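A.B. asks: Since chain S is already given, all that's left is putting chain L on it; use the hints.
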Amino acid sequence: MIPAQFRYQRANTVEEALAALAEHGDEAKPLAGGHSLLPLMKLRLAAPEVLVDLAPLDELRFVRLDGDTVRIGALTRHHDLHGDGVLREHAPLLAHVAGEVGDQQVRHRGTIGGSLVHADPAADLAAALLACDGTLVARGPRGEREIPATEFFLGPFTTPLEPDELLTEVRLPRQTGRGWAFEKFTRRAIDWAIVGVAVCGQSVGLVNMAGTPLRASATERALASGAPIAEAAELAAEGTSPVDEPHATAEYRRHLARVLTARALEAAAA
Amino acid sequence: MSIVGTRVVRVEDGTLITKGGTYVEDLRHEALTGAVHATFVRSPVAHARITSIDTSEALQAPGVVAVYTAADIDLAPGQAGPVAQPWLADGVVRYVGEPVALVLTEQRYQLADAAELVDVDYDPLEAVASIDAALADETLLFPDLGSNVAQVTGGEFDEHAFDDCEVVVTETIVNQRVAPAPLEVRGAALAWGEDDRLTVWLSTQNPQLARTIIALGLGVGEERIRIVTPDVGGGFGAKIGSDPEPVVLGWAARRAGRPVRWTETRSENLTAMTHGRAQQNTVTIGGRRDGTVLAFRLEVVQDAGAYPRTLFLPTLTELMASGVYHFPRVETSSKGVVTNTTPISAYRGAGRPEATAAIERAMDLFAAEIGRDPAEVRRTNFIRPEEFPYQTPTGASYDTGEYAAALDRVLEAGGYHQLRAEQARRREAGEPVALGLGLAAYVEITGGDGGGESGRVDVNPDGSLTAYTGASPHGQGLGTSLMMLLSDQFGIPLERITVRHGDTDEVPTGVGTFGSRSLQLGGSAVRRAAETVIERARALAAEMLEASPDDVVLDTDRGAWHVRGAPSSATVGWADVAARAGDGELSEDVWYDEGTPTFPFGAHLAVVEVDTLTGKVVLRRIVALDDAGPVVNPLAFEGQRHGGLGQGAAQALLEVMSYDSDGNPTTATLADYSFISATELPDFELLHMATPTTRNALGVKGIGEAATIGSTPAVHNAVVDALAHLGVRHLDMPATPLRVWQAINDARKAD
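Residue numbers (the working numbering), protein chains in the order written: chain S, 1 to 270; chain L, 271 to 1021.
Calculated directly from the structure, the hints in this document are not laboratory data.
No experiment lies behind these values; they were computed from the predicted model shown.
No residue lacks a Cβ here, since even glycine has one placed at the ideal position from N, Cα and C.
Residues from chain L shown here face chain S by an in silico Cβ test under 7 angstroms; the list is partial:
#1 379
#2 382
#3 535
#4 883
#5 884
#6 944
#7 949
#8 950
#9 1008
So here's chain L without its partners, still in its complex pose:
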């Protein structure tokens, strides 16, 4: 029986949950002997001119090795979209948390005392602390740009687009800013070697990309940079590549002539690591009273934060605008604006959750307006199975989907009709605790970046196997999945397979882990390499068995070759084949670039109870079907769904990174920033469906972000649904008790 598709406990877990992983901060490496410790002095104000920086007192503090400011740095500034981003603030600060100076000390405990003594004078400027303030263009973050709008796409709408609609609904929906808050904050350790190469131990999702970014920043060739990822404690998109800090640290290590270690604090992480989401989306949806949608328009405004380095987010939202629906007319536009807030970057889903949230709220608004059940309206408009591959009006090419089947399975498993009856009963009885049902049907894009991935497989002399991947797992359990695939192909047990990744000297090419790409691209690369190695081994085994290659077969139960039809006769094991192989003959390194984007999909039903007297929402159930094609390891697959469901529900109910009108973050500690815990979550009810794709060697799609994408609008819709009978039509996320209570009051007043 194949190990693929069985529940295998992740090989990564033993260490992680017993003695703990080895993260950047834990490293004990000879090259780091004598390292100095680093911290960044960060701006406490959102927008100001720096009138002076006095480092003299800090330089006298115990243990201080150096204090650097922009004036010291002789590197060309980095680029964030259309604007330059200085490595340390140069004359102006543009968000609370922007690095202003770098302090190096002999001992780590000396950092905070010394940093306090760096005396920076700020002359405050008006802060642009919201999308509306940015669009007003009264205060400009980058006067040379002439506007706070850093990017514009589309917007030439057909004024007759909704002319034939019986009903048109429009709403502006805030997809609020959230903090990634990975368990491991950012960190790096850096050492220049005698060979004039810089080794950077970095907490990143993409070592090879980080190498490119850091080399570019330092103005050196990539061959002079080596990136090594120790264990990485989560990234959620915010550890893609490298932030500016490691470039400054690499520069400082050279200038100070010492290795450097840096780990940010948790408080620092909440404002200095990039944030996610931060869109304001206006939806207009129109159609017939029978539930048919005829036209949909999505106008995206992306708050890009102070340095707009990730302007692909709003366009990815546009690409996925029409979701799982066959709409005759779809129009989109986007603007990316800069504000005096922490820069925005990828965060679990990165552009797709925003699209799904917009269309799924729009479908509920439309259904409510025509007085039809939201499940029925969705079913009326789904893309049908026979329409695949389906070319969307916005330019996506969906591979495979069974959207109606997914929704029906969820409705049945959830007891949707009984729940609706219970909801009606409570409303009839005037009970204070209302029941809300929320649906989301979603499709997303994985491996959407268009890049490839590397994979190498070596059969070792002892018959064991070593694989190298350009993917960079950091908590997902991808290593176990790759081992399972290899074990299945080679007949070699898991304990004799090693998967290596994350050292750019060992794996020089690779793209890394983001966008749920790693199994479909990294797994396919390893699959292709394995196929080549096995075919070479077949030839060798055939020689040893004195048979034609066509007549030998690999028994993957035993990991042995034998002549076809004679399994009990002579066999040749992997060590035997390896002994006969020439140097490198049983090693293959491939670059897999045949994969094209895949489109996982699913349906979620969320059930909430809302205390209409206090506004408190309790999430009672989530019934989720997430179809990402064939599953390699159901245990890891479900783990990704659990995490995704929790994170998605958290955005709907709890999480928001808030700023006051002066650009001061008001949720900058974990006491104020409400991440979700197990206590706030129900046991998840997971349904299984596996629709394969033909777009990669494994026929799989990505699961890393799917559940996050579906659960946010499902939970959000459930809260609004619970309040529908009170006249509430929409409220923005997160659905905090105060917001819910206010929405009820506002509806009552409007009535």
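For reference, chain S alone in the conformation it holds in the complex:
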């Protein structure tokens, strides 16, 4: 449980972090809360040569309302998101989901940016952001770019971020008037979701139903055309490709997606 040797570099500004990433390319990994990266390093499944510690970057810890857009600094911790008044008022789904991630220890260290760039298909926040029509802002040597959440998750643990780019901000439209719900199905409270469903209005984001978080498009189309919830939810597993595991078969996950989608839509509509 001791990682392979690495060099440690502390970034005091975003510019310093970007310079370090530019210098070391894909030999470097930015370190945020460390709750995905450090376990991988300890198991020696990841062995970056340089760790660029983002801890000092308080400039990336914020939640604010900017017109109709909620803006969240990438280093904001789950615990802080969960308790944030602005987020609770204007993006309650995301605030709620942040409180469902992992356990207390994880929520006090883990960050929203760290979770999103890790792109684990079982991550709660990614599916919630998808359901909220969120976008992700990255900065790099070629400037800043904004990537819709629908284009951000390319595959398991894969995003369009270049090794020299840093996720700095997450944006989502105010959730005004849209009902919401999150159904997370686990064996134990601290487990990753076997399946999760995040509903924001008539948008449905699915956790762990494919190699990436994804939207339940067939369900959304059915809802848009006026289908009742029960009928629309029956389509929740269409277009998904859940992983088949001994403790949760693909067939079981598809079944759960339908049941949980119905429950989440009912709750959101209530």
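C.D. replies: Frame of chain S, contents of chain L only:
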């Protein structure tokens, strides 16, 4: 008022929950100065020939002191049941996690880098990854043995055993493999002294037994080994005695000429520490439609893992097969088989939970088949109070029991009949969340090993007390319980009593802690020693008070002797008596071997809700009565029950150590291995009953494992009960959401 029976906060806790205990890894000891650090290179494959081991690159790595393999070790191999177990894999590996090489480095952080460089070539063999594969005997783990079956008992069944039964039910029940996963993983620190003695600081439940095992392994006399246990962070049976690793480390410390420190990693612990349970039990139960059971048969197959070192487990299961019931005919058999998996050893209950799970599932299957309430069927068949001592058909001699009373108390406290009504209402209404009620009535055996225990009591010159026990508490709070007993006898306050254990130079004889034996045997030993010391003190006090020994009494409120009937006249305190005593006169060291096994019992009711759409089970209530005789410290007693209930429920609902068909463990991290947490558990509803025994000096029985034994089948039965109306008759543990959902689907299809 006596302190015994009152809720005393454990004296151990202050340190443990503030600055923390001192575990092997925390030791700072002069003898360990300059110690090298050790790690084992372990097999990543289940079954293979080792074609070569190249250590040259590892030897060049920074800080590497030595790399040893089987070729270096000049010790006779150890023995695991009928087969030899090499200290490091010798030519063949037989499970993922088997030690293959030992790496020593100057600094601990250098270990993982160096270990990665040990280049082992494996030529894979077919893996025997299940009981069925083992029984097929197509691939043999030990060709010299001629079979994968390492032990067979019984099996000559009466073909007419069930002839007079109106109903016969049979089922094969898997009691799945689980990982002990103690908070403190295994560790040892070892140093040879200039006197050519080896001191081993070891995380163990039994220092004296560890001394024997390590001495035997190293081929030296026991007098040359000293074991010291620092704080031990749990063992659950998997730290009984010593594993093979400390022998290798003791050998390496000598070969390298340096003290050695070793702490395994958590990942390592999950495959390299022994596992528990791992039985497949076929029950056949028959009787009359009025609920009377006439015959019961239990066929045990024990997966012993790769090295069958604990083959007493299946026979202990056989011994306890008929549980709390008076059955006219009971037949048992067992087979112990080897597989390419982590070796199996004791785990909280060790043989008895498996017996209880089998009979308690069988009782529910029988009740369901004849359409009677499982509580009523149990009551019909209980051994009655007047039948004790009761000799079971399998050879156990139960001491005392009030089985029907225990069950009735639980049913009443739980509101069983109201719960049944609510269950019927939900079924009638077709509600998706079903209610399930599960019962378990159990009896188990504590102090069943037949050994004794040591106990020594010294009155110190200042009137304080020091006791030494061969028991080896490692989280149970036994020290506090012994102090309470002594305080009660001597009238000396707790803060002036010290209990010592765990250093074999200080406590040379002892058996240690397992099988819930420590209070009934260790406590009785201390009790006997104390009685002798008090009688000697009486004589001294009588001299000082110028009275006959028969006329002086010990006032245990004040800790002072006085003449009978004159408590306010002259008194003599413990320091006074000690001052008058000759050297060693107020010290007594006893070996208590008069204790015989006791049989704690109880009844549990579990209430679960099952979401029939998703298969998710939520444990809503556990109502438990665990009768282990008189209670010394109710706080510690309840703590043992809480832990036991949680651990037992965890087996029913969550925990399983799984292997794929190639023998690769698939639940080898705590992200995949689902231990239980407070979030998954209800507040426990504990009922109290105390039926004494006459089988030891204290009249007590053990409580360390009882609640684990009852809760697993109670929760398991509750899940099946919740699904009964859907046609589900049985499903194996753990009752994961997927399994529950599949069971519902299968029943629907069969309908």
